[in-house]
Amino acid sequence: MLRHLLIASFGAGIMYLVTSNISLFDNYQVGQIASFVVVLAGLSVLTGVNGQISLGHGAFMAVGAYTTALLMNHTQWNFVLELASAVGVAGVAGLLIGIPATRLKGPYLAGMTLLFALALPPIADKWPNTFGGDQGLTMTTPNAPGSLSPQEWLAWIQIGGALIVLVLLANLLRSRYGRTLRAVRDDEIAASLAGINVARTKVLAFVISAGCAGLAGAFLGLSTGVVNTGAFPLTLSIQLLAAMVLGGTGSLIGMVWGAILLVYLPQWSTSLSGHFNLGSGVSAYLATIIFGAVLIVAMIAAPHGVQGGLRWAWRRLPGSGSGVGGPAPGAPGAPIPVLTDE
Amino acid sequence: MSLFLNYTLNGIANGMIYSALALALVLIFRATKIINFAQGAAGMMTTFIASSLLAHGVSYWWAFVLVLAIGFAFGAMTERIFIRPLQGKSELNPVIVTIGLLVVLEGVAGAIYGNASRGFPAAYSQSGLTFGHSRIAFSHFDVFILVAVLVLMIAILILFRATTLGLRMRASAFAGEISRLLGVRVGILLTLGWGLAGIAGSLAGLLVAPTSSFGPYYMDLVLVYAFTGAVIGGLESPVGALIGGLVTGLCISYVGGYLGSGLEPLGALVLLMVALMARPEGLFSRPAARRV
Amino acid sequence: MLEILDLSVSYGAVRALRSVSFEARPGSITAVLGANGAGKTTLLRTISGLVRPRTGSVHFKGEELLGRKVETIARQGVAHVPEGRGIIEELTVEENLRLATLWCLKRRERQSAIEEILELFPRLKGFRHRHASTLSGGERQMLVLGRALISRPRLLLLDEPSLGLAPLVTAQLMGLLRAHATGTDMTVVLVEQNARSALSVSQHAVVLNLGEVVVSSSAAEVAADEDLRHHYLGF
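Those protein sequence lines, which keep their order, are chains A, B and C. What the first sequence shows, in the working numbering, is residues 1 to 342, in sequence order. What the second sequence shows, in the working numbering, is residues 1 to 292, in sequence order. What the third sequence shows, in the working numbering, is residues 1 to 235, in sequence order.
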């Protein structure tokens, strides 16, 4: 725990230097990266460490975002309480999905969460008065303390949230519960014979990751200032999956890579399509295409993502301890990266 | 009463389309133990191609047949290029590849065809049939849907039950290694299975397009409904796909009718959850012993 | 003529076969014997192409089998009846048999070939349109043997056919095997844990231990060598 706090403080220090020295727009983007780290970390725990796939995390984000937005618009609750509610309500949604999920294997679980991702947005559309319809609901960030600019303050809320979540998850994964999660992933029958309550473990993993997604959704709502159903399409859930795979399924720090991809890819693809004179309509879709291609290529060539690649390269360095090193990422028999404390 | 009748007829028409796509999922699952989440998007893509063909003056029926053939080719190529390299490794990786294909196809369709709303013509009149003085919610087009899907199902059943090719395909799906030891070229047959699924997927895409928003994402819901139907039917038999698709279609129609439109996906989710919790292997499959 | 030369197979770090060499002649039965884990099943799976070896070669009728696809090897006339029998439960008895004829017999010939096999195994006649899952152990063994023979193989590989069968059924099976092998030019490789019954029908015997060939000589010699029998074959 102490180690994680030290690393987090170090990270916080660096981020402070970064945010105070970059432009306001970049602050905005850094904040978004932090938010995506939150949801991706939760997803990574669910899929990489506990072995359950989810194509519905965009919907959990929507649940968190709408919860906070509704509270902001209709109550005077304390800001932290509003954020906590996002986590809580999203966690409950995670419970509702997690319970049937205990009985499902990979493809079936993927299908069910896919349906969940498609089923939720129409509900908000059905009651436009409550949920704001196309316009959505507005979200306002509380005032920045002192002389901090609003953009930096917003970025800091998100960064702070990300650091807290990372520390908590890192501790969780190092604890006995972390071993339980992995044991269930590796062999459910063996785990239950060893006395682990497999169903409870799996449901809890869903609840935790859904809660993370809910918090991230609330953060992103703050970031954009508005929450509407258009912000949480199916493609978001799939992009989260792609970002997690690229960052390294099962890793926590690797999720930073995935988050960076999520935030910057749309920009890069816009400039890419501008470069090739592809027209504005194309650029919106180009990002999606690239995410899909990432998933395909990653599954075929490198299922362990960037972090896995780094770890593999690290092992190959002369004098780095384990000598020969494990098989290349993606090779059959290569271990799925478990939580690291990098 | 007539409201119930209309919902029922509507449910049957839609259910048949879900059955067609469910059949595609079943064919692929039987052959390669994978859920092809991109099947709906593939059907969307071939329907967009049909739309282009129609815009260039090709007659409807030629476009129809051509696009079914393209669907076959798409399916076969997908298996060879994207799925074959992954055989034998984890069972989840190919599924994720199909999800990647899903978004790539939607992105490509969006990039090429853009966001402009477009319509797609129906093969037959879509106004309700009249019996005596009353008009029911079942049109000529709905009859066409019924006939087309039934023809497809029957053709597949005949292929499987009465031909040696079908025997080889079933053997390859049930026992790949043993079949290879008996000289059966299993690889080609798996590709063929994916090709046939592509035909079913294309058909579904063509049948849905006239009544939907016809954008890159229009097959998303159809896919998950077909998945629900396939799961209910057991993912193992064409007959199961047919019944599962109809059950799903009816259920959704009632939910949409009595509880309000917009809640259909939620209704399907509940239906799927109930089906998965009651009997994860579906209603039509043989229970497999758990190997400890 | 089957020639195995210097065959080595590993599963990861486990050496399943080490430099195995022997010959099996046509018109005879060669028994491959040894305890569990000796590498017998691996040997057959390597010959039929299911497993890729590290080194070595497998020559059959002058052609190298290694490196080819399983179905290509099968179409050379190699029939492998694997461990666990490998009936296809979801197909009927007749479909199981028909499947084996598809690559080698013309449409007109298939039905008569099926009838011939059913004459050989009259027990199966009543089940011909029933799913293979309804068969008993002995009936399953008949089915897979029939399925192997229907294609008139040049090389027949049998992996523990007597497993789980009553002694009487085993004896009948072995008798049938001997009748089919001798006087034809079919080469039979018979893997068995039940060494006694295997030796009674074979002409040649190879004994494996931990992946290595311990002895390769005539069945009579092996049966007569008491030390050998006690040490490696358990009787």
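Just so you know, not all the hints are guaranteed correct.
[To be verified] 30 angstroms max Cα-Cα, derived DSS-like pairs, lysine-lysine: (1) B:Lys33 x A:Lys105; (2) C:Lys69 x C:Lys106; (3) C:Lys61 x C:Lys106; (4) C:Lys69 x B:Lys33; (5) C:Lys125 x C:Lys106.
[What the hints assert, rightly or not] Pair ranges (Cβ atoms, derived): (6) C:Leu5 x B:Ala73: 43 to 49 angstroms; (7) A:Asn197 x C:Asp6: 36 to 42 angstroms; (8) B:Pro85 x A:Phe276: 51 to 57 angstroms; (9) C:Arg123 x B:Glu177: 22 to 28 angstroms; (10) B:Val65 x A:Asp26: 50 to 56 angstroms; (11) B:Val151 x A:Ala301: 55 to 61 angstroms; (12) B:Ile154 x C:Leu5: 52 to 58 angstroms.
[As the list claims (entries may be wrong)] These stretches of chain A come out as covered by chain B in the derived footprint (C-beta under 8 angstroms, 3 or more residues): (13) 106–116; (14) 121–134; (15) 241–251; (16) 292–300.
Hint data in this document are derived by calculation from the structure and do not stem from the laboratory. All C-beta atoms in this analysis are idealised placements derived from N, C-alpha and C, irrespective of residue type, glycine included.
Item to check | Range hint compliance [Cβ, Leu5 (chain C) to Ala73 (chain B), 43 to 49 angstroms] | outcome: The hint (43 to 49 angstroms, Cβ to Cβ) holds, given that Leu5 (chain C) and Ala73 (chain B) are roughly 45 angstroms apart.
Item to check | Proposed proximity, Lys106 (chain C) with Lys69 (chain C) (alpha carbon, max 30 angstroms) | outcome: holds (23 angstroms)
Checklist entry - Do the beta carbons of Val65 (chain B) and Asp26 (chain A) sit within 50 to 56 angstroms of each other? => result Holds: the Cβ-Cβ distance is about 55 angstroms, inside 50 to 56 angstroms.
Item to check | Per-stretch coverage check for the segment 106–116 of chain A, three Cβ contacts closer than 8 angstroms to chain B | outcome: holds (count 9)
Checklist entry - Does the Cβ-Cβ separation between Arg123 (chain C) and Glu177 (chain B) fall within 22 to 28 angstroms? => result Given about 26 angstroms between the Cβ atoms, the range holds.
Item to check | Residues of the segment 241–251 of chain A with Cβ under 8 angstroms from chain B, three needed, outcome | outcome: n = 3 at 8 angstroms, threshold three: holds.
Item to check | Beta-carbon spacing of Asn197 (chain A) to Asp6 (chain C) - inside the hinted bounds 36 to 42 angstroms or not | outcome: violated (53 angstroms)
Item to check | Satisfaction of hint between Lys106 (chain C) and Lys125 (chain C), Cα-Cα up to 30 angstroms | outcome: holds (22 angstroms)
Item to check | Whether chain B covers the segment 292–300 of chain A (at least 3 residues having a Cβ closer than 8 angstroms to its Cβ atoms) | outcome: As far as the segment 292–300 of chain A goes, the hint holds, because 7 residues have Cβ atoms under 8 angstroms from chain B.
Item to check | Distance restraint hint 55 to 61 angstroms, applied to the beta-carbon atoms of Val151 (chain B) and Ala301 (chain A) | outcome: violated (41 angstroms)
Next on the checklist: Under 8 angstroms between beta-carbons, do enough residues of the segment 121–134 of chain A, three at least, approach chain B for the coverage claim to hold?
Outcome noted: holds (count 4)
Checklist entry - Are Lys33 (chain B) and Lys105 (chain A) close enough, with their CA atoms no more than 30 angstroms apart? => result holds (12 angstroms)
Hint violations for this structure: numbers 7, 8, 11, all remaining hints satisfied.
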